[in-house]
Structures are given as structure tokens and as C-alpha cells.
Amino acid sequence: MTLIKNSEIVQDHWAVLDENQALQADHNIIDLDYWNANKDALIASKAPLGLLVQGDTSPDQFIDNIQHFELIAINFPSFVDGRGYSLAKTLREKHHYTQEIRAVGEVLPDQALYLTRVGFDALELSTKEAGLLALEKLNEFSVFYQAAAN
Amino acid sequence: MYLYNEFDQTLVNERVEQYRDQTTRYLNGELTEEQFRPLRLMNGLYIQTHAPMLRVNIPYGLLSSKQLRMLAHISHKYDKDYGHFTTRQNMQFNWPELERVPDILADLASVQMHSIQSSGNCIRNTTSDPLAGVCADEIEDPRPYCEIIRQWSTLHPEFSYLPRKFKIAVSGSPKDRAATQVHDIGLHVKKDEAGQVGFEVLVGGGLGRTPVIGQTIAPFIAEEDLLSYLEAILRTYNRFGRRDNKYKARIKILVRETGLDTFKEQVEQEWASIKDGQLKLTNDNIQRVKNYFTPLNYETANDEALEQHLANSGAFRQWFQQNTKAHKQAGYHVAFISLKSPTCPPGDITNVQMERVADLADQFSFGQIRTTHDQNLALTDVKSSDLYALWQQLTAQKLATANIGTITDMICCPGLDFCSLANASSIDIAQGITDRFTDSAIDTGNISLKMSGCMNGCGHHSIGEIGILGVDKKGEQWYQLTLGGSDSHQSKLGERLGKAIAKDDVVDAIDDIVHVYKANRTDNEDFASTLQRIGLQPFKDKVYDAH
Ligand code: HEM
Ligand code: SF4
Numbered sequence: 001m002t003l004i005k006n007s008e009i010v011q012d013h014w015a016v017l018d019e020n021q022a023l024q025a026d027h028n029i030i031d032l033d034y035w036n037a038n039k040d041a042l043i044a045s046k047a048p049l050g051l052l053v054q055g056d057t058s059p060d061q062f063i064d065n066i067q068h069f070e071l072i073a074i075n076f077p078s079f080v081d082g083r084g085y086s087l088a089k090t091l092r093e094k095h096h097y098t099q100e101i102r103a104v105g106e107v108l109p110d111q112a113l114y115l116t117r118v119g120f121d122a123l124e125l126s127t128k129e130a131g132l133l134a135l136e137k138l139n140e141f142s143v144f145y146q147a148a149a150n
Numbered sequence: 151m152y153l154y155n156e157f158d159q160t161l162v163n164e165r166v167e168q169y170r171d172q173t174t175r176y177l178n179g180e181l182t183e184e185q186f187r188p189l190r191l192m193n194g195l196y197i198q199t200h201a202p203m204l205r206v207n208i209p210y211g212l213l214s215s216k217q218l219r220m221l222a223h224i225s226h227k228y229d230k231d232y233g234h235f236t237t238r239q240n241m242q243f244n245w246p247e248l249e250r251v252p253d254i255l256a257d258l259a260s261v262q263m264h265s266i267q268s269s270g271n272c273i274r275n276t277t278s279d280p281l282a283g284v285c286a287d288e289i290e291d292p293r294p295y296c297e298i299i300r301q302w303s304t305l306h307p308e309f310s311y312l313p314r315k316f317k318i319a320v321s322g323s324p325k326d327r328a329a330t331q332v333h334d335i336g337l338h339v340k341k342d343e344a345g346q347v348g349f350e351v352l353v354g355g356g357l358g359r360t361p362v363i364g365q366t367i368a369p370f371i372a373e374e375d376l377l378s379y380l381e382a383i384l385r386t387y388n389r390f391g392r393r394d395n396k397y398k399a400r401i402k403i404l405v406r407e408t409g410l411d412t413f414k415e416q417v418e419q420e421w422a423s424i425k426d427g428q429l430k431l432t433n434d435n436i437q438r439v440k441n442y443f444t445p446l447n448y449e450t451a452n453d454e455a456l457e458q459h460l461a462n463s464g465a466f467r468q469w470f471q472q473n474t475k476a477h478k479q480a481g482y483h484v485a486f487i488s489l490k491s492p493t494c495p496p497g498d499i500t501n502v503q504m505e506r507v508a509d510l511a512d513q514f515s516f517g518q519i520r521t522t523h524d525q526n527l528a529l530t531d532v533k534s535s536d537l538y539a540l541w542q543q544l545t546a547q548k549l550a551t552a553n554i555g556t557i558t559d560m561i562c563c564p565g566l567d568f569c570s571l572a573n574a575s576s577i578d579i580a581q582g583i584t585d586r587f588t589d590s591a592i593d594t595g596n597i598s599l600k601m602s603g604c605m606n607g608c609g610h611h612s613i614g615e616i617g618i619l620g621v622d623k624k625g626e627q628w629y630q631l632t633l634g635g636s637d638s639h640q641s642k643l644g645e646r647l648g649k650a651i652a653k654d655d656v657v658d659a660i661d662d663i664v665h666v667y668k669a670n671r672t673d674n675e676d677f678a679s680t681l682q683r684i685g686l687q688p689f690k691d692k693v694y695d696a697h
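Protein chains in written order, with the working numbering: chain A, 1 to 150; chain B, 151 to 697.
Fair warning: there could be bad hints in the mix.
[Unchecked claim] If you only want the chain B side, here are some residues facing chain A, beta carbon under 8 Å, derived:
| id | residue |
| --- | --- |
| 1 | Q168 |
| 2 | W302 |
| 3 | N388 |
| 4 | V502 |
[Said to hold, decoys possible] If you want the ones that stay clear, here's a sample from chain A, every Cβ over 10 Å from chain B, calculated:
| id | residue |
| --- | --- |
| 5 | I9 |
| 6 | L17 |
| 7 | F141 |
| 8 | Q146 |
| 9 | A147 |
Hints were generated in silico from the structure; no laboratory data involved. This one's a predicted model, so the numbers in the text were calculated from it and none came from an experiment. We put the CB at the ideal spot given by N, CA and C, even for glycine.
All chains should be modelled from the sequences, with the hints used to inform the complete structure.
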């Protein structure tokens, strides 16, 4: 995996909670089920926390707790599934979420620019080459008809 | 008409380079077929039975003569010397090479044209009334709003991976000439009591496998809120539209399954949060675009010379009666150019004809050409005294078939000859109908006949007064007939006449239908009214008793 954050390739210090549900010390990305089951303990630990959601997850399911998350990762099960774009845009524009929104799952370099325009500031690409290409693709257009979400 | 500024031009140029790079990477194997597919589709490139097919946008059906000459040039340089006008006012090229498409796009960009989002699961070219700006019944010219929608929807980052394609049509007159009721969103220009311009918004119409007539979701949205309302609908659709089955993915299915009331609530909830944001249109925004569509420099003119020519020539009179329409400006007329000549598939036009039409537009109609959703062209601003000369020159190009609105002015999809999804051919049936009715079409009166080679419905069969649908019966080509459809301001789906009909009997069956109509009509009664009055049964009896 290669992570792009704010148009640079960066080291990723977040870990997605695996099937064994073993937490690392901090910077864990958990899903909604885990959050709902362990909410009190997680809040008490005060460790930086990220939330993994699907493109079709309704913001209603987590918006009341959003202040506990330093990162929202939105999963793309397939690159043609555009729901995550609307979710990111909604989090930025309607809920004024200002921390990291990360695109994970099937994310292609040719999509990097649109993703950043709707509010993703972090993109997880499958390989180093894909990451480098995505960086190039971020500069493909110098003009837009639509305002960027931020 | 709208002219690109530096901003618009830069965007289109950058798009060409983006696609050039994508094509190169695909040809080098760096993009898989699956990854390349949505990218090429969003640039209008399909892969068909014989070759790729490229669809070029003609925004709301308006072309300059220079742009039409470029289409002629492209058809000559990269294709087989012809192009095809579609039912959504666009042009398709049937034989381009995939490798050369980036060069075609660069040629298009040089005349302020593109094929961005002309296919794929995104917002398609916005269509409109071919008589926008010249018809007397217009509330407001819809074209500036179409252009505003074009810009908003072009390269829209959020709505480029929708569940399915998305089509918007705008009509500025109560008489709907843009088939807005069979679009994902249909917009009707309205004025409120204070004279403020706005739109009635219809949603969930569409043809294809499950034809549906759109329903009103909002009776009046002020013009300043146009884009925020559209965005609210699109976001609701993008979030909730079905993605598990591509035949159920259009917004019409979402609206049906959710129920219009609930869907409307969802949209309005979304709208409430964005209504007063960045998408709100200012008067300046709207006026800037409207300035490109101010009335043309009409001269004071009258119909005297025209009356003279009408008195002298029967053939001209016939063309005039069938192929021209009144203009809101005294001394001017709208002239339709029929692309349904007996010798050519519906909607096709050669490069030479395109060049000539461009010249005629320069000579007689302010250098502008319109495309219609019936796959014809129109010169909308011709001085009445020039009509005779125009007719003569059109005649020389086989472009003066006097059949606009008649049974031979049919809509027909490419069918089995070009399309891999077809059940049956349509071009040969169209030819058979043309041969049978060419001499009697005018006398028969206006009948809209529409034909598709399969249930995807590219030929709009379900809204034809006579609809023909190709079906497959154990590997043989059969045809299902429907009667009574309409694409007017009161759109209707046609009713099935009965069992499907064998290929060899189709033209006779159409002949039977026309006979029943002619035998039963009173005075000037049109086909729809006769059908309404006498019902389907007499038509059934005649068609099925005979075969
Ligand atoms: C040549 C091969 C073609 C293929 C494979 C093709 C394929 C399709 C398919 C699969 C649909 C159904 C889409 C849906 O229901 O969502 C469709 C719809 C449509 N096509 Fe085509 N098409 C072709 C050519 C054309 C042409 C030449 C025209 C114009 C004359 C055209 C105009 C349309 C229209 C207007 C619709 C209906 C849109 C709606 O559902 O609202 N197609 N086509
Ligand atoms: S209606 Fe069917 S046969 Fe005709 S072009 Fe469309 S998909 Fe092909």
C-alpha cells in the first residue's frame, strides 16, 4: 500500500483493526461494529482513533460520535461504486468535518483528482507505481467548473 | 450561441491530453480492459459489433457552421464519410479507430466541442427544444440554463460513478419538444405570479427496458436554486440508487421503489443543507450566459416573395407545408432538413451533405444549425424570401424529402446491422416502410413511428404512435407492435397490439394499421385521436385477421 496525503507520498502510521481484533498501542482504524461494542473503553483510552465506513454507510450512524475520530476511512468495494464520493462530500460540506478523510479499497490513480475534489485528503493506492501515477494525475486539470469541498 | 472563454477551452484541452494518456496506457497494457472501460465511456467511446463507436456531444442541439464542417472533416478523415445524428441531438461515428480517438477529440476541441460524458454512468449531454429562442409559445429561452447545467455537470467529481447514466432535458415552452417526460430529470421553464423565472422539475422518466413517464417532484424551483436542486437529486440518487442490478439502477426504479413522496423528502432534506451555498446562481451568473443567446439581427422582412413561389411550384409548396414552421419574427421561418430520405438510413448524413448544410446555414440562417430529437436538422432563422432558394439547394443534396412528422420520418435504432445487443434488424424494416409509404406519406398525415431492435429501446418504440420492437423467437426475428404512445407534453406509453409479427409481415401490418386509421378518421382527425375514439380493437382485427 502507498499512502498519499495532501499530494505527497507519506508513511502510514495508522493500522486497520484486523480479524483478530488486536489493537496496536494507538492509531487504530476500527469499524462501526467494533466502535459500538467497545465505545466506552475506547473513549476512556483517549488513543487516536480512526473509523472505517462503507460508501453506503449513513452518516447518521456515526455523526454524533465523530469528534472521537481523527480519521474517517471510506471503503470502495469497487472503483465504479461512487457512493463514497457523496459521503466524503457530505462529511465536509454538511458536517464540517476537518480531519483526515481517506479513500481505501479499490482506488485507481485515474480517480485521484476527483476524490480530492470531493474532500478526500488521503488516498490509499495499491502499489508504489500506482501512488506515483496518482500524484501525476492530481495535476491533470488546472480548471474546474465545480468548487472543491474542504 | 455560447462561446468558450479561455477557462472552458483549457478544460477541454486538458481533457484531450488526459484521454490521450489513458489510451496510451491502455494500449501498453498498463490499464486493464475493465479499468479503461469507464474512462473511454466517459469520453463517448463504445465498443460495438464491428468497431468502436464515438458519440460527440452537441450541447442542447446547437451547432455552428464551423463545428458542422469539423464533423464533416472528422467523418472523412477518421471514418467512412458519414455520421449519424442520434435521438439525443448528438452525433455518432461508427467506424473510428480506438488509437486515433485522441486526435479526433483534439480536432473537436479546436472548434469548442467535446465528447465528455457522452456515455458512461454519469450526467450526459443536456438536451432541449430544437426551436428554442425562435418559437412563439416560449416562456423563456431554455438554452442559457442548458449551458449552465452543461458547465455544472462537466467533469463533476462527485457524479462520475453514478449507479447508471443520467439524462436531463429542458423545455422552455408549454408544448414539450424535448421529450422531458422520458428523461431522468425533465425541467420545464415556468414563471411564478411575480414573473420570476423558475422550473417545474420532473424526475424518474426514462425509456429502455422499463419505460416510465416522469413525475413532478417540485412544481416550482426558482432559477437561482436550479443547480442546488439538481445536485440534491443527484446526491440522493448516487447514495441510494441500486447498484446490484444494472437493469434496476436508473433513477426511475429508485423513485418507484422508494415512492415519490419519500424520495422527495430525501431530496428536500439534502437540498435544505446546500440551497444557500456555493451553487446558488446570482443574476450575474445567469446574465453572463444569457448574453450569448440574445435575439439575432433580424431584418424587416415579409412573406411576399414566398407567396409567389408557393403559387408557382407544387413541389416547393409540399415541402413548405410539411418541413417548415412559423417563426416568432415576422418574415422568417424555421426550415427542417429531413435526414429520412428514401435512400439513406434514418439520421445518417454524409460528409458532403454536412459541408453543404454548413454553407446553407452561413448563407441563410446566421451560421447556426440545430439537431432535433427526431434525428433531423433545422435551420431556424431563414428569411421567408430565401426559402425557395434554400429548398432548391437542399433538393440537390437529397435533403428536401417533404416528410417531417410523417410515417417515413421515423426513428430507428441501428439494430442487428451494427449493434451486438439486437434481437432483430431495424434498418431493412425501415427501408420497407419507406418504400411502401413514400408516395402516400403526406396524404396519410402525421404519424410518429419509432422502432428499436431490442427492449433497450434506443429507437424510443414505447413512445411512438406506432411502435415496433424487435424480439427474438427461437433465433428468428419477430416484431412486437404497440399503438398510441406519445412524446408530447402528455407523454404516454404505447399499448401492445397483440402477438409479435414475423419479419416478412411487418410492413403489411403497418399498412393495415394505416388503412384502419384512414378509413375511420373524420376530417382532419389525427392518428392519436382516431385511436382514442375507436380503440385498439379495429386495428387488431385488421392486422391479425389478415395474417
Ligand atoms: C449501436 C449500438 C448501441 C448499443 C449497444 C446501445 C445500447 C443501449 C442500451 C444497453 C440501452 C439501455 C440503457 C438503459 O436502459 O439504461 C440504450 C438506451 C438508449 N440508447 Fe442505445 N445503443 C446503441 C445505439 C444507439 C443509437 C444509435 C441511439 C440513437 C439513435 C441510441 C439511443 C439510445 C437512447 C435514447 C436510449 C434510451 C435512454 C433511456 O433509457 O432513457 N442508442 N442503448
Ligand atoms: S435498441 Fe437494442 S438493438 Fe437497437 S441499438 Fe439499442 S441496444 Fe441495439
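Consistency of the hints with the structure:
1. Q168: holds (5 Å)
2. W302: holds (6 Å)
3. N388: holds (5 Å)
4. V502: Violated. Min distance 37 Å.
5. I9: Non-interface label on I9(A) holds, nearest chain B Cβ at 19 Å vs cutoff 10 Å.
6. L17: L17(A) clear of chain B: closest Cβ-Cβ about 26 Å, beyond 10 Å.
7. F141: With a cut-off of 10 Å, F141(A) comes too close to chain B, as the shortest Cβ separation is near 5 Å.
8. Q146: violated (6 Å)
9. A147: violated (5 Å)
Checked against the numbered hints given earlier, this structure breaks hints 4, 7, 8, 9; the rest are met.
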